[in-house]
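Model the full assembly from the supplied sequences, consistent with the hints where possible.
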Amino acid sequence: MKMPSVFCWLFFLTSCRIAGAQVNKQPQPDIKVTFVNIINKLPLVLDSAKYINCFKETFTISRLNYYISNVSLQTTGKKTIPELNSYHLINEEDTASKSFSFFISPNQYTSLSFLIGVDSLKNVSGAQTGALDPLNGMFWTWNTGYIMFKMEGNSPSSSVVNNKIEYHIGGFSGANNVLRKVHLNLNDTFFIHQEKITEIIIKVDLDKIWNAQHDLKIMKTPVCTTPGVLAAGIADNYSKAFEIIKIIHQ
Amino acid sequence: MKIKIIISLLVFVITATAFIYNKPPHKLTYLKLVIPKGWPKPSNDIFLANPLTEEGFVLGRKLFYDGRLSKDGNFPCAGCHQQFAAFATYAHDFSHGFNNSFTKRNAPALFNLAWMKEMHWDGGINHLEVQPLSPITGTNEMAETLPGVLAKIKEDTAYQRLFKAAFSDGIINSQHLLKALAQFTGSIQSYNSKYDKVKRGEDSFTVSEAAGYKVFLANCNGCHKEPLFTDNTFRNNGLPLNEQLKDMGRMGITGNPADSLKFKVPSLRNCSITFPYMHDGRFLSIGNVINHYRTDIDTTQKILDELLKKRLIISNQEKLDLTNFLTALKDEQMLRDPRYQEPNYIYRSPDIH
Chain A
14 MKMPSVFCWL
24 FFLTSCRIAG
34 AQVNKQPQPD
44 IKVTFVNIIN
54 KLPLVLDSAK
64 YINCFKETFT
74 ISRLNYYISN
84 VSLQTTGKKT
94 IPELNSYHLI
104 NEEDTASKSF
114 SFFISPNQYT
124 SLSFLIGVDS
134 LKNVSGAQTG
144 ALDPLNGMFW
154 TWNTGYIMFK
164 MEGNSPSSSV
174 VNNKIEYHIG
184 GFSGANNVLR
194 KVHLNLNDTF
204 FIHQEKITEI
214 IIKVDLDKIW
224 NAQHDLKIMK
234 TPVCTTPGVL
244 AAGIADNYSK
254 AFEIIKIIHQ
Chain B
26 MKIKIIISLL
36 VFVITATAFI
46 YNKPPHKLTY
56 LKLVIPKGWP
66 KPSNDIFLAN
76 PLTEEGFVLG
86 RKLFYDGRLS
96 KDGNFPCAGC
106 HQQFAAFATY
116 AHDFSHGFNN
126 SFTKRNAPAL
136 FNLAWMKEMH
146 WDGGINHLEV
156 QPLSPITGTN
166 EMAETLPGVL
176 AKIKEDTAYQ
186 RLFKAAFSDG
196 IINSQHLLKA
206 LAQFTGSIQS
216 YNSKYDKVKR
226 GEDSFTVSEA
236 AGYKVFLANC
246 NGCHKEPLFT
256 DNTFRNNGLP
266 LNEQLKDMGR
276 MGITGNPADS
286 LKFKVPSLRN
296 CSITFPYMHD
306 GRFLSIGNVI
316 NHYRTDIDTT
326 QKILDELLKK
336 RLIISNQEKL
346 DLTNFLTALK
356 DEQMLRDPRY
366 QEPNYIYRSP
376 DIH
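Protein sequences appear in the order of chains A and B.
Numbered according to our numbering, the first sequence spans residues 14 to 263.
Numbered according to our numbering, the second sequence spans residues 26 to 378.
Do not take every clue at face value.
What the hints assert, rightly or not - To be clear about the criterion: a stretch of chain B counts as covered by chain A if any three or more of its residues have a C-beta under 8 Å from a C-beta of chain A, and this derived list gives those stretches:
| # | region |
| --- | --- |
| 1 | 68-76 |
| 2 | 140-151 |
| 3 | 158-166 |
It is worth saying that the hints were derived from the structure and are not from the lab.
Glycine included, each C-beta is placed from N, C-alpha and C at the ideal position.
Next comes the structure, spelled out in structure tokens:
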């Protein structure tokens, strides 16, 4: 009569666990990443704030959305630990969208990396949901694929209707691929603890879009809405905009 | 001991009921795409991440026939894709869209889409599930928005029931809407034409059809490859540029000049009822099309397909035979299949707008 009693306790324990899991609080995530969009030291204020780029062109920004995906951290042992199902749409108008947190095993980490945009696989895999829902207005309907980065605004230097600036940057294959990987060192190696949340704050300086790698004057290229050489050049430029400014252990 | 056994049984029953309570069994009737004998495998398994079920198909069919997917209610998918015309727009070079507009291209027939990797004449769409976003939001087609469509659908209790039946969480969102539509359009299949029956040994060609089949194999099969009657590639078949539309075809997507005036090779199944022909509907009859291939190809085009650089020699008799063969590709069974019809379908004479 030993066996049934063992089973009995097994059943009892499993049922406790099942019941317990529902009562327990959600465990706290270990890491939080926050994006702060700025323009050359000035905070980004949509619509109203006027900025000047290095070519002395004045401009305003009315909309800024971009995808961050495939976030991972690298350990001192050079192992890459990815965030699972890692797709985030940063929307300047929505504060909550500018931070995300996730679980990662306690370890010593040296760097953080991510893609600006949505990896090519998800561009060819049909209807998605969540951050990748076409409802978010970041999906092309004539030439399937995500708009990886969208910035709109106005500038007297733009000769198109209403002096518009319109950058819808997409394209995920071959020479037209605008996916850029950003790799940021965490400076002093830091340890992620189980009970503490570590916040990494990343500054995104959009002023870089005009000249970080290629000189792109608003006067010459106020609009880019198709994949191609210009889109790839703009992506090169904004890929240089990301910089870690602070790491907070809470 | 007895008490312990009773307790363990009790615990078991409680856990089991808890499990059942949490997860009500969700019954789905799985369907299988027919892969006729001798056909290639579908090029990409569109139903791998979207299991084909009766429930999904029925929901997709309702959506396909529902005018509410368009802004003013007048332009369901089925308005431009009519079953009696093999899901092309009958007798229209361009189809009518919202607010007296016209589409910019000829509406293709819809069938055997599971074998098609890239959709639209220029291959701009890479997955059947995301294709509907183009007509739904196109201002010259349905002129709606996704949030607009979802808001209308969510209010309808019939849809609430159908989404619950088709998807375990029952959520009405864009992903489920698009997946259901793909289940319907992706299941429209054509494999029962006279040609197919001859191949299966159930019927035989007339003398003229048999002669036409030979002409076809000699001149057309390089691109309109049997049994699908397309190899799903993009080719320049020597049509001069339509000066009004300035439609450069595949080049508009790839940006590559080597793709200038390349268009998707359309399937010739059911082609006797999908006139007018070509991406801009420029030819009214198969006779016109054959004349293009035998005398009117624009040989000045640099990217003209290799297979057409040497003029095709097709006599008048051969033209007649070829036309008869192409007519034998009409699939009456698909054109009348009640499964593809609007629910509660009542036959009306074809809408000629």
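These are the hints, each one checked on the structure:
no.: 1; hint: 68-76; result: holds (count 3)
no.: 2; hint: 140-151; result: holds (count 3)
no.: 3; hint: 158-166; result: holds (count 4)
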